[in-house]
Amino acid sequence: MNLHYLKGLAIFATVIDKGSFAKAASALGLNRSAVSEQISKLEEGLGVRLLQRTTRQLTLTADGEALYPSAKAIVNGLDSAEPSLNLNKPQGTVRVTTTYDFAANWLLPKAAGFKVQYPGIHIDYVLSDERIDLVKEKVDLAVRIANIEEAGYIARPLFKDKAGVYCSPELANQMGNTATDNNIADYPWVLFEAMTPNNLVTLSNSEKKLTFTPTHFDKTNSPTMMREMVLSGQVVGLQPDRMMEDPLNENRVVKLLPDWYGRDFYYYLLYPSRKHLSLRTRLFIDYLMQFAE
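Per the UniProt record's numbering, the very first residue in the sequence shown carries number 1; after that it's consecutive.
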């Protein structure tokens, strides 16, 4: 059936439900002549008479009786679809991807306030240390330690975090609690591939810069894995200061060389495009950007 008939079918079904043109017009927010015109156009397009009209009575023809169930089903289907299609209402699902570690330590506590403010919006957390394709996986938004040049994505900076040198108290004791810029390369390390190209660790303070390859090191592409290895007491690693606040306060880690830092961690909100951005996604982005620094 021609899509141009949809409006006429909706009006036709409403006329039958309400029992008159006047009542249908009132329910639809139209004037009576507009309702009559749409019915006439529908009849003309279909080549049949649907209604017999008199000044006192409105009755369905046989063709009208045959058409009404289908017209009503179409209207009901559109009514059912409207909540999920109406992008002007703050409801629906936002798919967000980030790492396990960042979700637990930053995103989930922040998102709790958003859920109170917009109870009709559901968050689907896609947690992974891998960089997934947002378009292919139908993900609306990513929060990542990112390179701003990631192709095809809009990148909005959330904050940057200094990368301190951390290890467990047990490992610090084992190494004699004597970490200096002269011997830090002899400690066992875990390297995060994205932050230590060519296995080179770069540290700097206010006076100088130090670059070295640790004598002994493991590698990972997972921020979560790196953090767990540091907490387990196996290795030294560069960790974002804000992500280590709780372990530091709980004496689960110590900070070595407190005046030295690695490359800063930059956190971004990433999304595929500004065009056709749903209201629910835009609201969540705007909410998270309140915490940008």
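Since the hints were derived computationally from the structure, they do not count as laboratory data.
What you are looking at is a predicted structure, and each value in this text was computed from that prediction instead of being measured.
The reader is advised that the hints may include incorrect statements.
Listed below are the simulated DSSO-like cross-link pairs for lysine-lysine, each with C-alpha atoms no more than 30 Å apart in a straight line [as the list claims (entries may be wrong)]:
| # | residue 1 | residue 2 |
| --- | --- | --- |
| 1 | Lys41 | Lys72 |
| 2 | Lys110 | Lys72 |
| 3 | Lys208 | Lys160 |
| 4 | Lys208 | Lys110 |
The calculated label-pair distances, taken between Cβ atoms and stated as ranges, are [unchecked claim]:
| # | residue 1 | residue 2 | range |
| --- | --- | --- | --- |
| 5 | Gln117 | Ala66 | 24 to 34 Å |
| 6 | Gln57 | Ser273 | 51 to 61 Å |
| 7 | Asn199 | Lys115 | 36 to 46 Å |
| 8 | Ala66 | Leu279 | 15 to 25 Å |
Ideal Cβ positions, reconstructed from N, Cα and C, are used throughout, including at glycine.
We went through each hint and held it up to the structure:
This hinted pair checks out: Lys41 and Lys72 have alpha carbons roughly 18 Å apart, not beyond 30 Å. Distance hint between Lys110 and Lys72 is unfulfilled; the C-alpha atoms sit about 45 Å from each other, more than 30 Å. Restraint check: the Cα-Cα separation between Lys208 and Lys160 comes to about 21 Å, which is no more than 30 Å; the hinted pair holds. Proposed proximity of Lys208 and Lys110 is contradicted: the alpha carbons are some 37 Å apart, above 30 Å.
Checking the proposed 24 to 34 Å range against Gln117 and Ala66 shows it is violated: the Cβ atoms sit about 49 Å from each other. Distance hint for Gln57 and Ser273: a CB-CB separation of about 56 Å, consistent with the stated range 51 to 61 Å. Checking the proposed 36 to 46 Å range against Asn199 and Lys115 shows it holds: the Cβ atoms sit about 42 Å from each other. For Ala66 paired with Leu279, a C-beta distance near 40 Å fails the hint of 15 to 25 Å.
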